[in-house]
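Under this note's numbering, the first residue of the sequence shown is numbered 1008, with each subsequent residue one higher.
Just so you know, the hints here were simulated from the structure itself, not pulled from any lab data. There could be a bad hint or two in this list.
Unchecked claim - PhoX-like mimics (lysine-lysine), calculated; alpha carbons at most 20 Å apart, straight line:
hint	residue 1	residue 2
1	1085	1027
2	1168	1149
3	1157	1197
Unchecked claim - Using C-beta positions, here's what the derived DEER-type ranges look like:
hint	residue 1	residue 2	range
4	1184	1062	23 to 33 Å
5	1115	1171	30 to 40 Å
6	1085	1029	22 to 32 Å
7	1020	1212	21 to 31 Å
8	1180	1115	32 to 42 Å
9	1152	1046	20 to 30 Å
10	1148	1048	18 to 28 Å
11	1062	1152	17 to 27 Å
12	1081	1180	45 to 55 Å
13	1128	1148	17 to 27 Å
14	1059	1081	14 to 24 Å
Computed from a predicted model, the values in this text were never measured in an experiment. Cβ atoms here follow ideal geometry from the backbone N, Cα and C, with glycine treated the same way.
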Amino acid sequence: MYTDVDKGEDTIHVYKDGFKIEYNGVRDPETFVGWMMDIPDDPVTIINDEHDLEEFEDLEDETVRIIGYFEPGSAALKEFEEAAEDFMGEIEFFAVVTSKWARKVGLKRIGEVQMLRPFEEDPIFAPTSVDTEEEFEDWVEKHKEPVMQKLTLENYFNVWKDPDEDERMILAFVDEETREGRAMKKLLDKIADENAEHAGTLEIVLIDPG
1008 MYTDVDKGED TIHVYKDGFK IEYNGVRDPE TFVGWMMDIP DDPVTIINDE HDLEEFEDLE
1068 DETVRIIGYF EPGSAALKEF EEAAEDFMGE IEFFAVVTSK WARKVGLKRI GEVQMLRPFE
1128 EDPIFAPTSV DTEEEFEDWV EKHKEPVMQK LTLENYFNVW KDPDEDERMI LAFVDEETRE
1188 GRAMKKLLDK IADENAEHAG TLEIVLIDPG
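My request is simple: use the sequences and hints to build the entire structure.
This is the structure we're talking about:
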């Protein structure tokens, strides 16, 4: 039934409603169950109330978010949803289908798609030509690596990996409960934002020593 999982493959996959979702967290039952319970029912969350908007905003600096503005029931929205299926558990996808909610999230025109990476002020805009599942997937793959991200129990094996030869990794132990830690975090925020174009070759891993 699950032909795309090879024998001996050292991964954990969850199958939910026909979607295959890879788990990249630590091999701990409590962490795994908590992560699994947080998997959304759908690959794309449609923002149409304050609760959905709050969910979107609460993920700032926690994970890569992608949000698009589409006509309800449109072919472009369907392609966006199908592309999102391949990134479930890794990237959070959102969409708005009315001008009211588009204004609240800063989208101005139908078809506009933005990627918001942790600790970067400016979003990355998808080209207007990107409107098919394959094009969305290629665009996400190209830009999904942020310069700085937090190391958590849930993303451990996705973040903590051997860098390629052309990559540089900085490990930053930052306790934001201290004045020195907050000052260091402010400096790292500036470095991450000013070096967004080096995403993929520069990686800052933020570790909470607590």
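How the hints compare with the structure:
1. 1085 / 1027: It holds: about 18 Å lies between the C-alpha atoms, which stays within 20 Å.
2. 1168 / 1149: Roughly 18 Å separates the two Cα atoms, so the pair holds.
3. 1157 / 1197: Holds. Residue 1157 to residue 1197 sits at ~15 Å (cutoff 20 Å).
4. 1184 / 1062: 23 to 33 Å: holds, 26 Å
5. 1115 / 1171: 30 to 40 Å: holds, 37 Å
6. 1085 / 1029: 22 to 32 Å: holds, 23 Å
7. 1020 / 1212: 21 to 31 Å: Because 25 Å falls inside the window, the suggested range holds.
8. 1180 / 1115: 32 to 42 Å: Given range 32 to 42 Å: holds, Cβ gap about 40 Å.
9. 1152 / 1046: 20 to 30 Å: holds, 22 Å
10. 1148 / 1048: 18 to 28 Å: Between residue 1148 and residue 1048, where Cβ atoms are some 24 Å apart, the hint holds.
11. 1062 / 1152: 17 to 27 Å: Distance hint for residue 1062, residue 1152 holds at roughly 23 Å.
12. 1081 / 1180: 45 to 55 Å: Between residue 1081 and residue 1180, where Cβ atoms are some 46 Å apart, the hint holds.
13. 1128 / 1148: 17 to 27 Å: holds, 23 Å
14. 1059 / 1081: 14 to 24 Å: holds, 19 Å
Of the numbered hints given earlier, the model fails none.
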